[in-house]
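J.: Residue numbers (this note's numbering), protein chains in the order written: chain A, 1 to 312; chain B, 313 to 624; chain C, 625 to 886; chain D, 887 to 1148.
A hint or two may mislead.
Unchecked claim - Cut-off 27 Å, straight-line C-alpha distance, at most; resulting in silico cross-link-like pairs (DSS-like, lysine-lysine):
#	chain 1	residue 1	chain 2	residue 2
1	B	LYS516	A	LYS279
2	A	LYS276	C	LYS733
3	A	LYS302	B	LYS591
4	A	LYS50	A	LYS288
5	C	LYS835	C	LYS810
6	A	LYS279	B	LYS588
7	D	LYS916	D	LYS889
8	A	LYS276	C	LYS835
9	B	LYS600	B	LYS588
10	B	LYS591	A	LYS204
11	B	LYS326	B	LYS516
12	D	LYS1072	D	LYS1097
13	A	LYS279	A	LYS50
14	B	LYS516	A	LYS204
15	A	LYS302	A	LYS279
16	B	LYS614	A	LYS288
17	A	LYS279	A	LYS14
18	D	LYS1072	D	LYS995
19	C	LYS733	C	LYS806
20	D	LYS1072	D	LYS916
21	D	LYS1068	B	LYS591
22	D	LYS1033	B	LYS591
23	C	LYS771	C	LYS654
24	D	LYS995	D	LYS1033
25	C	LYS733	C	LYS771
26	A	LYS302	A	LYS288
27	B	LYS326	A	LYS276
28	D	LYS1068	B	LYS588
29	D	LYS1068	D	LYS995
30	A	LYS204	B	LYS600
31	C	LYS627	C	LYS654
32	A	LYS279	C	LYS627
33	C	LYS627	C	LYS771
34	A	LYS279	C	LYS810
35	D	LYS995	B	LYS588
36	A	LYS204	A	LYS14
Simulated from the structure, these hints should not be mistaken for lab results. Predicted model, so just to flag it, every value in this text is computed and none were measured.
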Amino acid sequence: MADLPVQIAGIGMKNPVLVASGTFGYGAEYRPVFDVSRLGALVTKGLTLKPCAGNPAPRLWETPAGLLNAIGLQNPGVDVFISDILPVMRSYGVPVIANIAGFTGEEFVALAERLDGSGVDGLELNISCPNVKAGGMALGADPCLAASVVAAVVRATSLPVIVKLTPNVTDIAGLAREVVAAGAAALSLINTLLGLAIDVDAGKPALGNVTGGLSGPAIRPVAVRAVWQVAQSVDVPIIGMGGICTGRDALEFILAGASAVAVGSALFHDPLAAVKVIKELERYCERKEIGDWRSLIGAAWKRGNSLAGEVR
Amino acid sequence: MADLPVQIAGIGMKNPVLVASGTFGYGAEYRPVFDVSRLGALVTKGLTLKPCAGNPAPRLWETPAGLLNAIGLQNPGVDVFISDILPVMRSYGVPVIANIAGFTGEEFVALAERLDGSGVDGLELNISCPNVKAGGMALGADPCLAASVVAAVVRATSLPVIVKLTPNVTDIAGLAREVVAAGAAALSLINTLLGLAIDVDAGKPALGNVTGGLSGPAIRPVAVRAVWQVAQSVDVPIIGMGGICTGRDALEFILAGASAVAVGSALFHDPLAAVKVIKELERYCERKEIGDWRSLIGAAWKRGNSLAGEVR
Amino acid sequence: MSKTGEYSTRVVEHLVLSRDVFRLTLEATKLAAAARPGQFAMLGCGSGFDPFLRRPLSIHRVQGVSGTVSFLYRVRGRGTEWLASRRQGEAVSLLGPLGRGFRYEGNSKRALLVSAGIGVAPLLFLAETLMGLNWTITILIGARTRKGILCRSDFERYGRVLVSTDDGSAGRRGSVVDLLRKVFDKDSYAQIYACGPQPVLVAVSQLSADKGIPAQLSLEERMACGLGACMGCVCQGADPSRMVRVCADGPVFDASEVILNG
Amino acid sequence: MSKTGEYSTRVVEHLVLSRDVFRLTLEATKLAAAARPGQFAMLGCGSGFDPFLRRPLSIHRVQGVSGTVSFLYRVRGRGTEWLASRRQGEAVSLLGPLGRGFRYEGNSKRALLVSAGIGVAPLLFLAETLMGLNWTITILIGARTRKGILCRSDFERYGRVLVSTDDGSAGRRGSVVDLLRKVFDKDSYAQIYACGPQPVLVAVSQLSADKGIPAQLSLEERMACGLGACMGCVCQGADPSRMVRVCADGPVFDASEVILNG
Ligand SMILES: Cc1cc2nc3c(=O)[nH]c(=O)nc-3n(C[C@H](O)[C@H](O)[C@H](O)COP(=O)(O)OP(=O)(O)OC[C@H]3O[C@@H](n4cnc5c(N)ncnc54)[C@H](O)[C@@H]3O)c2cc1C
Ligand SMILES: Cc1cc2nc3c(=O)[nH]c(=O)nc-3n(C[C@H](O)[C@H](O)[C@H](O)COP(=O)(O)OP(=O)(O)OC[C@H]3O[C@@H](n4cnc5c(N)ncnc54)[C@H](O)[C@@H]3O)c2cc1C
Ligand SMILES: Cc1cc2nc3c(=O)[nH]c(=O)nc-3n(C[C@H](O)[C@H](O)[C@H](O)COP(=O)(O)O)c2cc1C
Ligand SMILES: Cc1cc2nc3c(=O)[nH]c(=O)nc-3n(C[C@H](O)[C@H](O)[C@H](O)COP(=O)(O)O)c2cc1C
Ligand code: FES
Ligand code: FES
Chain A
1 MADLPVQIAG IGMKNPVLVA SGTFGYGAEY RPVFDVSRLG ALVTKGLTLK PCAGNPAPRL
61 WETPAGLLNA IGLQNPGVDV FISDILPVMR SYGVPVIANI AGFTGEEFVA LAERLDGSGV
121 DGLELNISCP NVKAGGMALG ADPCLAASVV AAVVRATSLP VIVKLTPNVT DIAGLAREVV
181 AAGAAALSLI NTLLGLAIDV DAGKPALGNV TGGLSGPAIR PVAVRAVWQV AQSVDVPIIG
241 MGGICTGRDA LEFILAGASA VAVGSALFHD PLAAVKVIKE LERYCERKEI GDWRSLIGAA
301 WKRGNSLAGE VR
Chain B
313 MADLPVQIAG IGMKNPVLVA SGTFGYGAEY RPVFDVSRLG ALVTKGLTLK PCAGNPAPRL
373 WETPAGLLNA IGLQNPGVDV FISDILPVMR SYGVPVIANI AGFTGEEFVA LAERLDGSGV
433 DGLELNISCP NVKAGGMALG ADPCLAASVV AAVVRATSLP VIVKLTPNVT DIAGLAREVV
493 AAGAAALSLI NTLLGLAIDV DAGKPALGNV TGGLSGPAIR PVAVRAVWQV AQSVDVPIIG
553 MGGICTGRDA LEFILAGASA VAVGSALFHD PLAAVKVIKE LERYCERKEI GDWRSLIGAA
613 WKRGNSLAGE VR
Chain C
625 MSKTGEYSTR VVEHLVLSRD VFRLTLEATK LAAAARPGQF AMLGCGSGFD PFLRRPLSIH
685 RVQGVSGTVS FLYRVRGRGT EWLASRRQGE AVSLLGPLGR GFRYEGNSKR ALLVSAGIGV
745 APLLFLAETL MGLNWTITIL IGARTRKGIL CRSDFERYGR VLVSTDDGSA GRRGSVVDLL
805 RKVFDKDSYA QIYACGPQPV LVAVSQLSAD KGIPAQLSLE ERMACGLGAC MGCVCQGADP
865 SRMVRVCADG PVFDASEVIL NG
Chain D
887 MSKTGEYSTR VVEHLVLSRD VFRLTLEATK LAAAARPGQF AMLGCGSGFD PFLRRPLSIH
947 RVQGVSGTVS FLYRVRGRGT EWLASRRQGE AVSLLGPLGR GFRYEGNSKR ALLVSAGIGV
1007 APLLFLAETL MGLNWTITIL IGARTRKGIL CRSDFERYGR VLVSTDDGSA GRRGSVVDLL
1067 RKVFDKDSYA QIYACGPQPV LVAVSQLSAD KGIPAQLSLE ERMACGLGAC MGCVCQGADP
1127 SRMVRVCADG PVFDASEVIL NG
């Protein structure tokens, strides 16, 4: 099989297929279904400083080719994560990226400090969660605020800092530039789209939290567009995500400029989706006799440079 | 059957079900399939000052539960519309709303002046088209620019001015407030989400225009969220659209705060979708013995006022 | 749970039991070997990405010899509608067995099974298993009308069956909760097992607390992963600061572990 | 076109002609009565909203007596795959007949039909119709291999059939374009009708211009409405400032009306 190695923010991975934060728990949950050490890296559910009970139920609502969720960052807190969960995650022999969510800039810094030296391989800053009232999207949609948090976290940790962006903004490329200037070593995009559904029978919003985040195949064209725009605006690697279900979907992101991809909601449709994506990418590279798969990154605009100008 | 009358920006309609601009041509195209006079109102394809050839092919790309399009406003221009097409549209006995698209603020004013007294019943300002480089979304995503165009058009015409908003902004409620302050008599939301697909076989963007607008059921949760947010922020009626396929979908928008709805891409899935929506709304009101259907408008937040505060 | 996996199964038999209730039997040898009463599976419902999520269905019956697993389901929306169109020989994807099933404890080995409507689904597998363990069981089945009483003759093989209908067209007139109260006053049980609509579960939970008899409830919540990973399917735990996952911590809970609303 | 409508039809027969080519026959009385050669229909493909769009398929054959309409299609992606799973008696939604079909003019009543691969689909209906109008026709069918030659015996009822394959496993070795050039040098025709991949259409168009013999081409473009409303399915018109709609202005165009790329 073709080799698909990649380095993201200095983290070496044997292939560019990750899982999206919050859809894969802490890895152990999927172990009965497939060998999670097949993945390029594991990304944790969003961690907060204190244990977090999350939002009231219902937290899920199916939509056409998609899913609205409003989990609200339920997690046992960073300390329990470090003591009880991380050792298990590390035993899989795959890099572990901790997704962290502060309700303030200071909390982001405190989380980063706590995780420094803990054994995680990198941080993913979730400044884009639509399901919490403080921090999250409010913070991540304002380029100045976002940049200041990123700068503070970068100062506070020796770990590589990946910043996860929200698509719920007018200008995602501008936001990306600010965040990279502030020191982000890589970007993850996209987080969920802000959505809402009404339960017509009940006559009220379907989710306990009223609004939720839309994910799944439905949002893929928005995610590919974001990757396309941002990849042409910054020089750091991008982890692309949003509705990736197949190797072909992953290739869309890679050709648009992603150096790695993450499989999220697709796992709910097909729990083997992530391994299938890996296999399909391997097979594609073999069939096309591609020497270094990384030549595919951004090929859709690098090849025909006339295209590249049209979108910015 | 239940009566479903409504007034939007002073335009009286026998029911609140319209068609979305650009998906219904000028009405004649659908006449072989159903009686278009069943509709609450007709909305034209976007009209420009001069004839417009539109974007290069391919212009369409199917996505999960959705569609990317980059038509680029192909139309014969406002003069041919007034002389050749409008008389036919008026013969259906249904209000006609002209969707207009200027590439500059001046063009919007010129279009409005040309249509004043032409026999159309209202204008829908498309300041949100993602498929043109000038005007369109660029203009509609900037609250100040948008408001100045709206104010100028309102001054220039005696027709009711409906403004169609783009969801590709950080704060749609803020944008809506500016536009209403500038004189919009009603709002249409949402236009398409900015998206992009890569044709993996070809290794380049699937659409001739590179980016396109995402529509269809996939975007419905984003559209309902926009209506929910805007309806609680302004006092003008809202025409809700984005993935409406059934009466139940229409009810989601109405309960979220829309006073009317438009059926767009659903027509491509089921050409009878708009008439089915009307029938299902009628049946719902009868079954639930609802006296005035307008009591449903915004009922999801008006009822439990505790909900209303959470989102703004 | 070590045999939990993603399987591509084939439809062996698909029976229409009433207007909207179906019994689907799948060839699924590993699942049949691993499944325990009260566990469930997530079934793929649809050919494209819409519907997007899998549907959770309780394991209704297991035929170890033939390696088949049956589900009893009511057509509710688009997912189950699609499922109902599957014919013999066609493929169905399935993730399972999932969750924590029923536990069998108690010295008297006397159990009361309470269900209403489609809630009978997981209890048949339980009844069969309890009989194999020499339990004495009483099964209460409630429904709106006679037609809604499902699997009566199946249950009769395993114990005493008592039935109630809202309209009195079968068994006692009234709800299964009334029936439950009556039965309860007369006999004593080591365990109550319940599955059905929220009001039934709330009543059982209440009675369990009042009388000090442990009850196990099979809960439902909207699910995405089914594996405990997404935190989507929560219900209020007895400790109010803790939300429990129905898919992984349940779907069967001791009545004392959860706080039901409604 | 006045009978254009949205119909719910039933599968009468569904034949597998080769590994990935199917012939679907639907009960569709009104469509059968209204359809003209070269027209097409938009078929609903899928049970949910994914796939979302209908698929355009040419009307391949019409049986007026039984009120059935047949489509000949190749499984290409998810839509046609779904279609291929439809069994006898199941429902298929259909919008049609759509578009402007073939026109029959010319004083010599001699026609040359050129196709490759699945491009034969609309030409069979045309051949039958032309024979009814007493035209003399020659049919050229190209494919990569013998197995790709479709409907040969059907066409033989209506005229002379010449075949070419890339590998020489049937008929002349080479492309149908080579065959076309040969035939063309010998005989004369009032009309050429062509349907197939872009290179075939480009060659026919070129030849038509060179020799001054009118050609009609059946084009393909991605479609949404199929009715001329959405402006999605355009192709470059001969007047470069005008984009023509394949669904409503075509799908059959005079070679001189359009500029093909490729
Ligand atoms: C652990 C568990 C076991 C179950 N066992 C059975 C069973 O044996 N037989 C049976 O008939 N039903 C059972 N249900 C309920 C069954 O899952 C739903 O009826 C089914 O998902 C409805 O899907 P639909 O597409 O027909 O309805 P839709 O309303 O179209 O579904 C939309 C979404 O809501 C979810 N949903 C809808 N109703 C429920 C529900 N009651 N519980 C959970 N999710 C729901 C669906 O899974 C889907 O994601 C069980 C539920 C759970 C959680
Ligand atoms: C007027 C017309 C008549 C046609 N007649 C026939 C016929 O008789 N037999 C036959 O086998 N094929 C015919 N085609 C092509 C046929 O429509 C496509 O093969 C089919 O839509 C592919 O759908 P899919 O879901 O299998 O492929 P996918 O690639 O999954 O389809 C994705 C999207 O692309 C569109 N698409 C893909 N290929 C084409 C294509 N070549 N032309 C137009 N849209 C396409 C689909 O409609 C869909 O919207 C015709 C096309 C047109 C425009
Ligand atoms: C149930 C669920 C929980 C999620 N939780 C988190 C989270 O804790 N932190 C985060 O950064 N993103 C979270 N996300 C967003 C995903 O990581 C991902 O960005 C998004 O879902 C788009 O990818 P997808 O369409 O492949 O799921 C969550 C998504 C889902 C569906
Ligand atoms: C093919 C197509 C063409 C469109 N053209 C226009 C247009 O000319 N003017 C406009 O304001 N909106 C246009 N739209 C946007 C729709 O009117 C509508 O806002 C959007 O598609 C969301 O609704 P839907 O999901 O129901 O289609 C177009 C949409 C499609 C799919
Ligand atoms: S469904 Fe994901 S945790 Fe239960
Ligand atoms: S498909 Fe809509 S105009 Fe042709």
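J.: Each hint: holds or not?
T.: We went through each hint and held it up to the structure:
no., hint, in the structure
1, B:LYS516 with A:LYS279, "holds (23 Å)"
2, A:LYS276 with C:LYS733, "violated (47 Å)"
3, A:LYS302 with B:LYS591, "violated (51 Å)"
4, A:LYS50 with A:LYS288, "violated (49 Å)"
5, C:LYS835 with C:LYS810, "holds (13 Å)"
6, A:LYS279 with B:LYS588, "violated (44 Å)"
7, D:LYS916 with D:LYS889, "holds (7 Å)"
8, A:LYS276 with C:LYS835, "violated (52 Å)"
9, B:LYS600 with B:LYS588, "holds (18 Å)"
10, B:LYS591 with A:LYS204, "holds (23 Å)"
11, B:LYS326 with B:LYS516, "violated (47 Å)"
12, D:LYS1072 with D:LYS1097, "holds (13 Å)"
13, A:LYS279 with A:LYS50, "violated (39 Å)"
14, B:LYS516 with A:LYS204, "violated (43 Å)"
15, A:LYS302 with A:LYS279, "holds (25 Å)"
16, B:LYS614 with A:LYS288, "violated (58 Å)"
17, A:LYS279 with A:LYS14, "holds (13 Å)"
18, D:LYS1072 with D:LYS995, "holds (17 Å)"
19, C:LYS733 with C:LYS806, "holds (20 Å)"
20, D:LYS1072 with D:LYS916, "violated (42 Å)"
21, D:LYS1068 with B:LYS591, "violated (60 Å)"
22, D:LYS1033 with B:LYS591, "violated (50 Å)"
23, C:LYS771 with C:LYS654, "violated (34 Å)"
24, D:LYS995 with D:LYS1033, "violated (31 Å)"
25, C:LYS733 with C:LYS771, "violated (31 Å)"
26, A:LYS302 with A:LYS288, "holds (18 Å)"
27, B:LYS326 with A:LYS276, "violated (52 Å)"
28, D:LYS1068 with B:LYS588, "violated (55 Å)"
29, D:LYS1068 with D:LYS995, "holds (20 Å)"
30, A:LYS204 with B:LYS600, "holds (16 Å)"
31, C:LYS627 with C:LYS654, "holds (7 Å)"
32, A:LYS279 with C:LYS627, "holds (23 Å)"
33, C:LYS627 with C:LYS771, "violated (37 Å)"
34, A:LYS279 with C:LYS810, "violated (62 Å)"
35, D:LYS995 with B:LYS588, "violated (47 Å)"
36, A:LYS204 with A:LYS14, "violated (47 Å)"
Consistency note: the structure conflicts with the earlier hints numbered 2, 3, 4, 6, 8, 11, 13, 14, 16, 20, 21, 22, 23, 24, 25, 27, 28, 33, 34, 35, 36.
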